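**Q** Which chain is which? The protein sequence lines are P and R, in order. Just so you know, the working numbering puts 122 at position 122 of the first sequence, and the rest follows in order with no gaps. To convert, count from 1 in the second sequence and add 1000; that's the working numbering.
Calculated directly from the structure, the hints in this document are not laboratory data. What you are looking at is a predicted structure, and each value in this text was computed from that prediction instead of being measured. From the three backbone atoms N, C-alpha and C, an ideal C-beta is built for every residue, glycine too. Just to be clear, a hint being listed does not mean it is correct.
Said to hold, decoys possible - Simulated restraints, written as ranges between beta carbons of each label pair:
| no. | chain 1 | residue 1 | chain 2 | residue 2 | range |
| --- | --- | --- | --- | --- | --- |
| 1 | P | 8 | R | 1784 | 45 to 51 Å |
| 2 | P | 81 | R | 1706 | 46 to 52 Å |
| 3 | R | 1636 | P | 84 | 37 to 43 Å |
| 4 | R | 1624 | P | 32 | 46 to 52 Å |
| 5 | P | 124 | R | 1240 | 36 to 42 Å |
| 6 | R | 1232 | P | 32 | 52 to 58 Å |
| 7 | P | 124 | R | 1781 | 52 to 58 Å |
| 8 | R | 1608 | P | 32 | 40 to 46 Å |
| 9 | P | 114 | R | 1826 | 50 to 56 Å |
| 10 | R | 1726 | P | 59 | 42 to 48 Å |
| 11 | P | 81 | R | 1345 | 24 to 30 Å |
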Amino acid sequence: MNENNGNPLSESRESLWWLVAGPSIWFAHFMLSYVTAAVWCAKVAEGSASLIEVRITVMIYTVLALTGIVATGWRGYRHHRYGAAALPHDDDTPADRHRFIGFATLLLCGLSVVATVYVALVAVFIGSCR
Amino acid sequence: MTDRESMTQEERLAAPWRTPRGWRYFSAVNNTQVGTWYIAASFIFFLFAGVLALLMRVQLAVPENDFLSADMYNQAFTLHGSVMMFLFAVPIFEAFAIMILPGMLGARELPLPRLSTYGFWCFAIGGAFVCGSIFFDAAPKGGWFMYPPLATRYQEGIGNDVWLLGLSFIEIASIAAAVELIVSILRTRAPGMRINLMPLYAWYILVVAGMILFAFPPLIAGDLLFELERAFDWPFFDASRGGDPLLWQHLFWIFGHPEVYIIFLPAVALVAMIVPTAAQRPIVGYSWVVLAAIGTGFISFGLWVHHMYTTGLPNISLGFFSAASQAVAIPTGVQIFCFIATIVAGRFVRSVPMLFVAGALAIFVLGGLTGVMIAIAPFDFQAHDSYFIVAHLHYVLIGGMLFPVAAGFYYYFPLATGKMMSERLGRISFWLMFIGFNVAFLPMHITGLAGMPRRVYTYPEGLGFDVLNMISTGGAFALAIGVLVFIVNAVHSRLQHATAPINPWNAGTLEWAIKMPIRPWGLRSVPHVSSRYPLWEQPDLLQHVTEGRGYLADAEEGKRETLLTSSIDAMPTQCLRVPGISFLPLLAAVFTGGAFIFPVFKMYAPAGVSAVLALMVIVYWLWTGTAIVPEKPEKDVGNGLVLPLYSSGSESVGWWATLITMIGIMTAFFSLVFGYFFFWTIHENFPPDNEGPGVTWPLIALAASFASWLLTLFARRWNARDHGFRFYAAISLAAVLAVAGTLAMLAGPHFANMDPTSHVYPAIVWVLVIWTALHVAIGFLMQLYCIARRAAGRMTATHDIEIRNIALYWHFALITVVVTVAVIAGFPLMSGR
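With the hints as constraints, model all of the structure from the sequences given.
**A** Printed below as a string of structure tokens:
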């Protein structure tokens, strides 16, 4: 029943995983930041010791995460802009389904960027394991 | 002419779906019956927990009251919280979804009806057991989050075991519902219902079902550790033997916070259906609502530590969770703006459901705002464990869940019963509930800030709590009267009112094309969907459906059938025969219940017998009711569409169900692994020197399991090529190796004389090893099952669902073995011990 695989709009070339890519990167960034800080404070640092290594590490995570999210969002944006149709992407066509997944991916990446920056800000302001 | 031929097409369709009568009624598995039972049972539990709340409010109405003893008060608040959360809030969403989702998607039935029926019976039996305990003065009393060491060392009696085992049993129902709903949404949408046309309700339920897979298993893992400590003295949470009570808090809240959203999102999903109908226009910002559902689902997993702000974690950890707790307000707010925009943009039709929706939004926004306040750690330090929190959580849950559910109940009542509920009584009950709720809970913010702690059974006079508490009690009774009017309305309308016309609200979604009251088979025929609101945007669709001109208008072979479609574009792929009435799910639930309930009373032999009986029933159920080879390869489902009747591998629903279940089980496993590393972070010397299970036995277990996995894959291939001898040889050898793997796994800690009661290290190693050995052993039983199926001619080269599903299972079993061996044997080596 599937359409031709060479067609960019064929179902077999589409994936719902793109929707969750942005938030997944946010989650990975969040967990890595938390685990890094928690393990550092529990195993390496003594009580009030400096957190500078952790803070730099979190910043590196953040740059990587934001790069990943923005790249995913850009891909979503291009799908959203496929062809000429505008929102709300509710036509019964493979093209509108393609645009819808792209647009929803883009929105989720936007949210993920904000949420990632929120988490990263913690490492900007907090300087010790206390 | 046979009977079947002389029937009209509509009668032939109805025949296989007939609901059994008399005592056999309880063998029904259809989503409409099971959905009705589910709604009724959850509502009864709600009333029970509501009565407990009233008892508590009577106790607190005046200072130094002795209406309830301290002990009974502890039982009352523990059961109130636990029952509301586990037996009402989560199950009512499963109940609604089981009831209305197939109709909304244009399916005749859920793809795995017996699974959801089994889940329902587990829920009903477990729920009755947990609730019943209070009548024997044996209810749990450790609070709904059951913190150790209070609940492990300082509370005698079986109450906390009732909680742990009873609720673990009920969690089966949630996981079963999650599996069922995901498969249903992804694979049983009406032809043409592409992912961008799917009703928003389905989006929300898809997200929530996914969340359940990652949220409930950590609690199951936590319950396992907790019960091992209570029953066998394994010291996971006992600080004197290396354990840590905080591990429980982590596991509980990794479940507990997403759970709030597991409750909230399905309720707001009902709002997303009601609002467009009331506004008589499509939702504004469909994609934005999808964003809100998925975004909230994800971010809700980054909030759990905000329940643990006062446990002494480093500030930076609190900061991360505080940041995520602020961020979750964004998607939550987005959907509310979409609803308001829809109402503003449409021509608004006043109705009782909308009244409840408006009340819900008002209450929920207030609860959300106090939520943002307590997401800020320093504020929470002050408000923690006070009545401020009680006020906040009730605003969130009653605004975010109870009122939308009431709205949904009103809205879908005609679909379920064929009758409309009374407007006048509806308004009365709304205003009583709305005013009563606010009178009860608004003052609690002040009571809390004035310093009244939670969970105290009384308070001295003159601390400033007296009047506030009396007002709250008055409000609680007004709320209760509102609920009573609601019930009277439902019963009266059901008995007295005339049958409502089809689509009484003039809604746009497919479930309203069903002739009311809902029939077990749902739509008269399955249409091709080409819009988000087919009843509005496809003008002759209703006629097309009701005249039987769509797909599956007939059931020539007398079987229950529904369509399977592809997950993104809903292209038809298979005509799925779904199983019909059976007592097996009920019987399996009864025996599964025995396996969970007997251990509460330390009756391990009957529990073991029950578990074996449950296994036997389940195997019989699988043998007789699943992967049935059809009498012909394909059939015409109408309008010239010919579809296969059988498919295996990733095309089959069983494969999807296996995959989804295994994701949940892996989450539970990784929660245990998390426990191991959690203990590593808190100890200087972990794993302790020279105390581990060694390397030899774990490596033997790994080698045997790996070989067993590989041979299972070869067996799959040789079965597909119809090489009978090679198949039997490979799978038999695989089974032998699985037994070897199981035993070798257990041999490690056994021969190292690791005593799980001595310290947390041997205890956590034993748990990982037993968990893994059990999964390899289950893989062994599956291999035997495949041998038997092929020998009996029920599995062939082309009809190979069984071997494909067990191969999938074995991938996960092997991952479990690899991770366990890496942790128990590899990690000590790596850390130089």
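**Q** Output the numbers, in ascending order, of every earlier hint that fails for this structure.
**A** Checked against the structure, the hints that fail are numbers 6, 9, 10, while the rest are satisfied.
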